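**Q** Protein chains in written order, with our numbering: chain A, 1 to 292; chain B, 1 to 292.
Source of the hints: derived by calculation from the structure; they are not laboratory data. Check each hint, because a few of them may be wrong.
As the list makes no split between identical chains, a pair holds if one copy fits it or if it spans any two.
What the hints assert, rightly or not - Simulated crosslink set (DSSO-like; lysine-lysine; CA at most 27 angstroms straight-line): (1) K289 to K20; (2) K87 to K150; (3) K122 to K87; (4) K289 to K122; (5) K204 to K122; (6) K126 to K289; (7) K20 to K87; (8) K150 to K60; (9) K87 to K126; (10) K20 to K60; (11) K289 to K60; (12) K60 to K122; (13) K150 to K20.
Since the model is a prediction, treat every value here as computed from it, not as a measurement.
Number of protein chains: 2
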Amino acid sequence: MRDFSQDHRWLSINTATLRKSRGADVPLPQILDLCAARGVRAISPWRDQVQAAGLSTVSKLVRSHGLELSGYCRGGMFPAADAAGLKAAHDDNRRAVDEARELDAACLVLVVGGLPGALAGKAAHKDIALARSQVQDGIARLLDYARTVKMPLAIEPLHPMYAADRACVNTMEQALDLCDALDPQRTGALGVAVDIYHVWWDPKLQQQIARAGRDRLLAFHVCDWLTPTRDLLNDRGMMGDGVIDIPRIRGWVEAQGFAGYSEVEIFSTQDWWQREATETLDTCIQRHKTVV
Amino acid sequence: MRDFSQDHRWLSINTATLRKSRGADVPLPQILDLCAARGVRAISPWRDQVQAAGLSTVSKLVRSHGLELSGYCRGGMFPAADAAGLKAAHDDNRRAVDEARELDAACLVLVVGGLPGALAGKAAHKDIALARSQVQDGIARLLDYARTVKMPLAIEPLHPMYAADRACVNTMEQALDLCDALDPQRTGALGVAVDIYHVWWDPKLQQQIARAGRDRLLAFHVCDWLTPTRDLLNDRGMMGDGVIDIPRIRGWVEAQGFAGYSEVEIFSTQDWWQREATETLDTCIQRHKTVV
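One chain only, chain A, in its complex shape:
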């Protein structure tokens, strides 16, 4: 397992982590400046942040700072209530692939979606098997396109508490079953993003990380699970503040040959987003070196 204690060369900052400073929005260019100033070599930006700043502006900044993208957040949200919705989702995912390509991201992260309408509070139906079938079809179709521009797709299994409204792929095993179905040759075009927040609880985690192997481990995200967790979405903890044995899981991933970035992704309305972004970033660096 790599030694992270001496420097933060393998730290990536998911830009949602620094989305807010003292409760106010931080524009993406400012986040990139902050990261570059501290010698962070990689980021993973969100589409809404890129759109707000402008893709070409972000693309230039990424290059001028010499930043890599450990991933691009995010494609997905495949299920829909009708054919028009399915087509709109596909078109939007193609654009996400193009943006990821323009930014030279290591992969496009897929948060696959849940029951159509559920995120807005009113599910169109209760058939999660149908949603899962639409996810498989949607990934299959997107994969055809992503292969042509050489953009790997990383399915991110989300915690089961998001099964209804954000992602109906909820375990590593399920995500890898999709990979086996859609890319049986293990070409590297399709894999998984392992976010420990979503999968740390899984009794089959070690086994499924081994099953994934190096070919399918496309991204590794860290934060921590707090007790108590006060909000289902925006109460993620800073590494070391919760109950996840992060080095153990990183060890499993690296035992498969994963040698990429450890990406910090923290949504925290009440805590970290209320602090100065510089404090949050400095803490990410310090914890990366001590508890990841």
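Following the hints, position chain B against chain A.
**A** Using the frame of chain A, we list chain B on its own:
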């Protein structure tokens, strides 16, 4: 699949559902009176409610009302930080078995526990594999005793969002692996409580219900998953108000030969516990007949 539309003979009320009326505690004897007055034939009471009213008082009331217990809530919480804690947990679980026996419960439901200390906000360690090992040892030991008094133990896999602090058994597959290990002869002494709130999201749910079979399906609990869910513990929905396809899951359970009660268990600080208990109970009966 049984027809529930004509009456509520297969409805059981988990007494936590009626724990509060307009925000005020409702004593267990009053809950039993309410249920009996509406022709509810079964309940599943919580230990703290039984203790507050007195075991012998509750036992007499259960008999005088002719109520059955679809289960007794709850044993478990096996993991501990030291030997004294493990012994205390075992002793308490033996008492829970005795109480369940006194009340002639169909089973003792086991919420197995998570990382010791986590429920109080400070986990003693981060080794969930150790906690799981202590759970297996704890159930094995309790099972030896429970067999002697013929009280079936029902492992309740809890939603993965409770893995840290309430139960580190989080899928049907994991619970059934424990059953296979500890009661390979399928004697009926050990099984699972299927609470749809905890397992509805699981892509392997149908497969694992079939694996459980009639011998190991000891209890069936219903409520609903709301979108959004505002609280990790106490924002369960009334059947029909959320996204779970309840009849589909009940169909899978009954296809295995399960013919017991459908037990309503709703924790709802902001909604149902703020209403009159009579309104909550009447709604349970109505929804049992229409959407379960």
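**Q** Now, for every hint given, state plainly whether the structure supports it.
**A** Comparing the hints with the structure gives:
{"no.": "1", "hint": "K289 to K20", "verdict": "within (23 angstroms within a copy, 48 angstroms between copies)"}
{"no.": "2", "hint": "K87 to K150", "verdict": "within (22 angstroms within a copy, 58 angstroms between copies)"}
{"no.": "3", "hint": "K122 to K87", "verdict": "within (21 angstroms within a copy, 48 angstroms between copies)"}
{"no.": "4", "hint": "K289 to K122", "verdict": "between (43 angstroms within a copy, 23 angstroms between copies)"}
{"no.": "5", "hint": "K204 to K122", "verdict": "between (33 angstroms within a copy, 25 angstroms between copies)"}
{"no.": "6", "hint": "K126 to K289", "verdict": "between (44 angstroms within a copy, 19 angstroms between copies)"}
{"no.": "7", "hint": "K20 to K87", "verdict": "neither (33 angstroms within a copy, 48 angstroms between copies)"}
{"no.": "8", "hint": "K150 to K60", "verdict": "within (21 angstroms within a copy, 72 angstroms between copies)"}
{"no.": "9", "hint": "K87 to K126", "verdict": "within (21 angstroms within a copy, 44 angstroms between copies)"}
{"no.": "10", "hint": "K20 to K60", "verdict": "within (23 angstroms within a copy, 59 angstroms between copies)"}
{"no.": "11", "hint": "K289 to K60", "verdict": "neither (29 angstroms within a copy, 62 angstroms between copies)"}
{"no.": "12", "hint": "K60 to K122", "verdict": "neither (40 angstroms within a copy, 45 angstroms between copies)"}
{"no.": "13", "hint": "K150 to K20", "verdict": "neither (33 angstroms within a copy, 58 angstroms between copies)"}
Of the numbered hints stated above, those contradicted by the structure are hints 7, 11, 12, 13, listed in ascending order.
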